[in-house]
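Undergrad: Make the full structure from the sequences, and use the hints.
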Amino acid sequence: MLSDRALRFGLKPVAFIVSLGPFFWLVWAAVTGNLSANPLSDLTNETGIWALRFLCISLAVTPLRRLSGWNGAIKFRRMTGLFAFFYASLHFLTYVIADRFAGLDFPNGIVSWTTVVNLGKAVWDDVYKRPFITIGFTALMSMVPLALTSTARMIRRLGGKRWNRLHKIVYGTAVLGVIHYLWLVKADTRRPLTYGAVVAVLLGLRVVWSRQKARRLVPAAVPARG
Amino acid sequence: MLIKKPADIPSSEITDKKAYLDRRQFLQAASGTAAVAAAGLLGAEELLYAATPAPHGRKLDGIRKSPLSTDEKPNKWEEITTYNNYYEFGIDKDSPSQTAHSLKPAPWTVSVDGECAKKGPMNFEDVIKGETLEDRIYRHRCVERWSMVIPWVGFPLANFIKRCEPTSKAKFVEFTTLSDPKQMPGLRNPVLNWPYVEGLRMDEAMHPLTIFVVGLYGEVIPNQDGAPLRLAVPWKYGFKHIKSIVKVKFVEKQPLNTWQESAANEYGFYANVNPAVDHPRWSQAQERRIGEFFMRKTLLFNGYGDQVASLYNGMDLRRNF
Numbered sequence: 002m003l004s005d006r007a008l009r010f011g012l013k014p015v016a017f018i019v020s021l022g023p024f025f026w027l028v029w030a031a032v033t034g035n036l037s038a039n040p041l042s043d044l045t046n047e048t049g050i051w052a053l054r055f056l057c058i059s060l061a062v063t064p065l066r067r068l069s070g071w072n073g074a075i076k077f078r079r080m081t082g083l084f085a086f087f088y089a090s091l092h093f094l095t096y097v098i099a100d101r102f103a104g105l106d107f108p109n110g111i112v113s114w115t116t117v118v119n120l121g122k123a124v125w126d127d128v129y130k131r132p133f134i135t136i137g138f139t140a141l142m143s144m145v146p147l148a149l150t151s152t153a154r155m156i157r158r159l160g161g162k163r164w165n166r167l168h169k170i171v172y173g174t175a176v177l178g179v180i181h182y183l184w185l186v187k188a189d190t191r192r193p194l195t196y197g198a199v200v201a202v203l204l205g206l207r208v209v210w211s212r213q214k215a216r217r218l219v220p221a222a223v224p225a226r227g
Numbered sequence: 009m010l011i012k013k014p015a016d017i018p019s020s021e022i023t024d025k026k027a028y029l030d031r032r033q034f035l036q037a038a039s040g041t042a043a044v045a046a047a048g049l050l051g052a053e054e055l056l057y058a059a060t061p062a063p064h065g066r067k068l069d070g071i072r073k074s075p076l077s078t079d080e081k082p083n084k085w086e087e088i089t090t091y092n093n094y095y096e097f098g099i100d101k102d103s104p105s106q107t108a109h110s111l112k113p114a115p116w117t118v119s120v121d122g123e124c125a126k127k128g129p130m131n132f133e134d135v136i137k138g139e140t141l142e143d144r145i146y147r148h149r150c151v152e153r154w155s156m157v158i159p160w161v162g163f164p165l166a167n168f169i170k171r172c173e174p175t176s177k178a179k180f181v182e183f184t185t186l187s188d189p190k191q192m193p194g195l196r197n198p199v200l201n202w203p204y205v206e207g208l209r210m211d212e213a214m215h216p217l218t219i220f221v222v223g224l225y226g227e228v229i230p231n232q233d234g235a236p237l238r239l240a241v242p243w244k245y246g247f248k249h250i251k252s253i254v255k256v257k258f259v260e261k262q263p264l265n266t267w268q269e270s271a272a273n274e275y276g277f278y279a280n281v282n283p284a285v286d287h288p289r290w291s292q293a294q295e296r297r298i299g300e301f302f303m304r305k306t307l308l309f310n311g312y313g314d315q316v317a318s319l320y321n322g323m324d325l326r327r328n329f
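Residue numbers (the working numbering), protein chains in the order written: chain A, 2 to 227; chain B, 9 to 329.
Simulated from the structure, these hints should not be mistaken for lab results.
Take the hints with a grain of salt, since some may be wrong.
As a list, the in silico SDA-like pairs of lysine to any residue whose alpha-carbon atoms are at most 25 Å apart [as the list claims (entries may be wrong)]:
| id | chain 1 | residue 1 | chain 2 | residue 2 |
| --- | --- | --- | --- | --- |
| 1 | A | Lys187 | B | Asp134 |
| 2 | B | Lys305 | A | Ala103 |
| 3 | B | Lys255 | B | Lys84 |
| 4 | A | Lys214 | A | Arg166 |
| 5 | B | Lys257 | B | Asp134 |
| 6 | A | Lys130 | B | Asp324 |
| 7 | A | Lys130 | B | Trp290 |
| 8 | A | Lys187 | B | Asp286 |
| 9 | B | Lys261 | B | Glu133 |
| 10 | A | Lys122 | B | Glu300 |
| 11 | A | Lys187 | B | Glu133 |
| 12 | B | Lys127 | B | Asp324 |
| 13 | A | Lys187 | B | Gly299 |
| 14 | B | Lys81 | A | Ala198 |
| 15 | A | Lys169 | A | Lys130 |
| 16 | A | Lys130 | B | Glu133 |
| 17 | B | Lys305 | A | Ser113 |
| 18 | B | Lys305 | A | Tyr129 |
| 19 | A | Lys122 | B | Glu133 |
| 20 | B | Lys305 | A | Lys169 |
| 21 | B | Lys84 | A | Pro40 |
| 22 | A | Lys130 | B | Asp134 |
| 23 | A | Lys122 | B | Lys305 |
| 24 | B | Lys170 | B | Asp69 |
| 25 | B | Lys81 | A | Lys130 |
Sample of chain A residues lacking proximity to chain B, with all beta carbon distances greater than 10 Å (derived) [as the list claims (entries may be wrong)]:
| id | residue |
| --- | --- |
| 26 | Asn39 |
| 27 | Gly173 |
| 28 | Arg191 |
| 29 | Ala215 |
Glycine included, every Cβ here is placed at the ideal spot set by N, Cα and C.
TA: Structure follows, in structure tokens:
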């Protein structure tokens, strides 16, 4: 297995750069005109997909660690989780700019307090009115406390147990992310359902493991079954 | 009207076949490599927009201008031929531009059926026989909130319908798209209930704005845009503009169009562009004109209200969406 040093100074920086790959690719493609005829829609869609992918990857860390026995995997959990938040934030930002801001009227000019107020209202109205936006926004908001408590200091402050309990929120985030995607597509549900299946397996493993653990902890309470 | 034989095209108009093939090979290789990389990484979707604009093809001759055209600036050929919703060739916007080369638009037969006197198969050449082609520059509004201005070439559907001699029982016209898995790779996926079907009420079909389209930008229409024969009904959402039509049937009852069949609460039969009637999941009040940043306000009947609003007098547009 890899040494701690190799992990810290080798694999982790590499993973970091690779994780930024989609971001740089999107920027490059947008600047050079390599997106479709509707680049704003592409940017919104792609950042959303990458948020979901990183959510899946971060949820896969623990199962990977358990199934492979490679404990070093844990070193990537925070990074991949934060990248999920990074892409989800970009996703929200492109939506706010390309969908909400671009649809505003500017009675007092673009640079004005009215614009700020109207933009806030346009976002809030959409979040309130459109279920798939509501779900997506909720998913993003659910990641905020996780990102804020992702530092070693916050883990110490909260204590491992409480921190762990708090971070179970991410299970809900992933489910909301899949629903958000599912409610967005027109007819072809294969892609969102694929992500749904991935999330289901990753969460399902946890259910199975926690049951096994419960059984091991209180063997007397569980009658043996034939 | 005349479609010049290929030999009549000035050679300067034609992309050198080798260059064209090389280009395609290069793109296939490039996108193939990217796809393998992507599949290796995450196992599913494409990462690159490997859209290939349609090669410029045969020029159409004797096209007349039309007073029904808008004077708005048309979208680019590249935009119109790489950003397509044509699920028979894949669900991504750039899929048809990559896969529609497998469609064989000639020879082409349209079968005429139902409540009319002149039934039977009809060669494409007979469909356009005697028609004067017109440039019809129309606004095109997709139900997905994007829009384009497209310089179609076509002729009034009414002319064709008259030639079919519909009976008094013909209240609607039903159109069917080709459904041949050999030519259309997207048919493998049961995303919609193939073949794609659309329909119009007789008065809508007879309206002077409604046209059979055979060309784009003065050229024969590219495969990804619905070659060789498609519909344009500019006051309705894009999905009513059925492509690659192989069947026209005159019927008494309102046809069940494919998208309505797929999700009746979201897509209706009429599908008239209407900023006041939202899609259940998104607002239809605004649209993004492809190539622009700021959204435009969507116009009732896509701005063709003066011509078509009377078709729907006394009709509840909210219920008949």
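Undergrad: Which numbered hints are broken by the structure, listed smallest first?
TA: Failing hints, ascending: 1, 3, 9, 11, 12, 14, 15, 16, 19, 20, 22, 25, 26 and 28.
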